[in-house]
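Asker: As a plain string of letters, each chain reads:
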Amino acid sequence: MQIYLPIAEVSVNAFVLLGLGGLVGILSGMFGVGGGFLITPLLFFIGIPPTVAVATSANQIVASSFSGVLAHFRRKTVDLRMGVVLLVGGLIGAALGVILFNYLRQLGQVDLLVRLCYVVFLGVIGGLMFIESLRAMRRSRRAGGAPKRRQHNWIHGLPFKMKFRTSGLYISVIPPVLVGVLVGVLAAVMGVGGGFIMVPAMIYILGMPTKVVIGTSLFQIIFVTAFTTLLHATTNYTVDMALAVLLLVGGVIGAQVGTQIGLKLKAEQLRVLLAGLVLLVCGKLALDLLLQPSELYSLGDGSGQ
Amino acid sequence: MLWRLCLCLTLLALPLRAEEVVAGLSQARVSITANFAGSEILVFGAIKREAPIDEVPLNVIIAVSGPATPVVVRRKARQFGIWVNSDAVEVDAAPSFYAVASTAPLSQILSNTEDLRHRISTPRAIRAVGVTDTVADTENFTQALMRIRSRQGLYQTDPEAVVLREQTLFRGSIALPANLTEGLYTTRIFLTREGRVIDAYQTAIEVQKVGLERWIFRLAHDHPLIYGLLSLAIAIAAGWGASSFFRYVRS
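Quick mapping for you: the protein sequence lines, in order, are chains A and B. Sequential numbering from 1 applies to the first sequence in our numbering. Sequential numbering from 1001 applies to the second sequence in our numbering.
Excised from the complex, chain A in its bound form (with noise of 0.2 angstroms):
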C-alpha cells in the first residue's frame, strides 16, 4: 500500500514503514536505546530527504522514550535532578545544533556533517562496546567476580558542586551540563536522542549507578527531542507526521517484542551484538563517504528557499 507523505512529498510503501518501525523498535527493545542512530540512515536509505528524516526521527524518539521512561519511573530509576541538570545543558545544545543545521544547509554540507557525525561516533562507541564487552564474556568464562572501579578523579575538583542523592553522588555541575550540551547538538543534527553517547559518559565520566543511568538519559532526552523537533517544525517546516505515526506504531509493537527477546539473552552477549550492531551501520556511512558514488551529482533547493 503505498502512502504519500505529506511533507517529505514522496511516496512510500506504508508496510515498509511499518517494518522499518518495528525493527527498530524490536533492537531498542533489547538494548535500550532510542534507535534514533538506525532509522535516520534507513530513513535516507529508502528515499526520504534527509532534513525531513532527521527532524521526524526526532519525534519518533520522543514516543519510545516516553513509553520507556514511564517503566522507570515505576521503578524509581530515575534520578531527576541530574536529569534537570543535564536537560538545561541539552537544551542550549539543541538550540546550538539546529543553528549548525541550518547554516550548513545553506552551504549544502549537512549531508556530509551527518554522516560525519555518524560514522565518527557510531565508531567509537560500536568500537569501544565491542572491546569492553568482549572482555566481559572472557572474564565471566573464567569465572570471577569483575572488579570494581570508583575513581576519584579531575572531575571531583571542579566548582559548583551540587547533591545528586538518587545517584549519590556529590559532583560539580559544570561535567552534566557539558555532556548535556554535546547530547543536544548531536539530537539536533543528527536526529538521534544520544542515548548511546549519554549512558556509557554517565557511567564513566559522571560516575552515577548504572540502574539509575537508563532511566535518567531517557527522561532528558524526551525533552531535548521534544525541544528539537519543535525547532525543525517551526524553522525548516521538515516534521512529518503521517511518517512518524507509520514509524511510531511499528515501534512501539516492535519494542514490546524485543523486550521479551532481550530477557532471553545474557547482558554480555546483548552488549556484543549491538556493538556490532553500531559497528555495521558505521561502516555503511563510512563506505559511502570513501568509494567514489556512482552520482557525483545531488540536487538541492535553491539559495532563495
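No wet-lab data here; the hints were simulated from the structure. Misleading hints may appear alongside valid ones.
[Stated by the list, open to error] Here's a subset of chain B near chain A, in silico, CB distances under 10 angstroms, partners left out:
id : residue
1  : ALA1037
2  : ALA1144
3  : PRO1224
4  : PHE1246
5  : ARG1247
[To be verified] Listing some non-contacts, in silico: residues in chain B with all C-beta distances to chain A over 10 angstroms:
id : residue
6  : VAL1073
7  : ASN1112
8  : THR1113
9  : GLU1114
10 : ALA1125
11 : ASP1158
12 : PRO1159
13 : SER1173
14 : ASP1199
15 : GLN1202
16 : ARG1214
17 : ILE1234
18 : GLY1241
All C-beta atoms in this analysis are idealised placements derived from N, C-alpha and C, irrespective of residue type, glycine included.
On the provided structure of chain A, position chain B as indicated by the hints.
Answerer: What follows is chain B alone, placed relative to chain A:
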C-alpha cells in the same frame, strides 16, 4: 474603439491559422490523497481546418510542465580522502516535472529555432541564464539535473506516446509519478509541420493535496508551532498508550 480594433485583428488573423488544435484533458485536476500512487492524464483532441489536408504530414507535441523553482546542483569531489560536495551551480528555474510526448522524435519534427522560441525540449525548458561563473562546465550540471530527475520519473520524453489518426484526431497520455509536488501544471500542445510550429494550445492541470494531506501540509506551514506541539502530543500519547496497553495485556 479598442474593442473594434481587436475584432478587426482577430478577423484578419483567422484566415492565417489554417489549422487549429482543439484539445481536452481526461482530468483538469489531480488530487494528491494519502494513497496517491501516480496518475495518468489522457490528452486528446482534433485539428480543425477549413482547407483540404496538406500533403506534408503534421506532427503533434504535448508538453506538460510542473511549477518551476530554482535548483542547486552540487558536485562531489574527493577531498582529504572522502567525497564531499564542492562545486555548485544554481539553475534559475527548473520545472519540478516535465514530460514531452510526441508523434515522432523531437529532432525530426521541430527545428532548433522553434524549440528555442517555445522552449519545448527538456534542455530548453530548464532555464539556466544566470549560472554562476565559478564553474567552467555548467553543461555537465544541467545534464546531471536532467539525468537525476529522469531517473526519478520526473522528466520524461516519449517520442511515440502520441498517436495521430488521419492527420486529424490525436491522443496521447502522460504518466504523472507518485512523487509529485503541488501546483499548476501547464499543458501545451503544439502542431508542427516541417519543423515549424503552426498552432499551439495551452491549458493547465491543477495538482493539489486534498483532505488530510492538505490539512497537515497547511498546518505545518501556517501554524508551525501548533503543528510541532501536535506532533509531540501524538508521540507522547502513542508512547503512553503502548506502555499502558502492554502492561494491561501482561497483567
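Asker: What hint numbers does the structure not satisfy?
Answerer: When the structure is compared with the hints, numbers 6, 16, 17 and 18 turn out to be violated.
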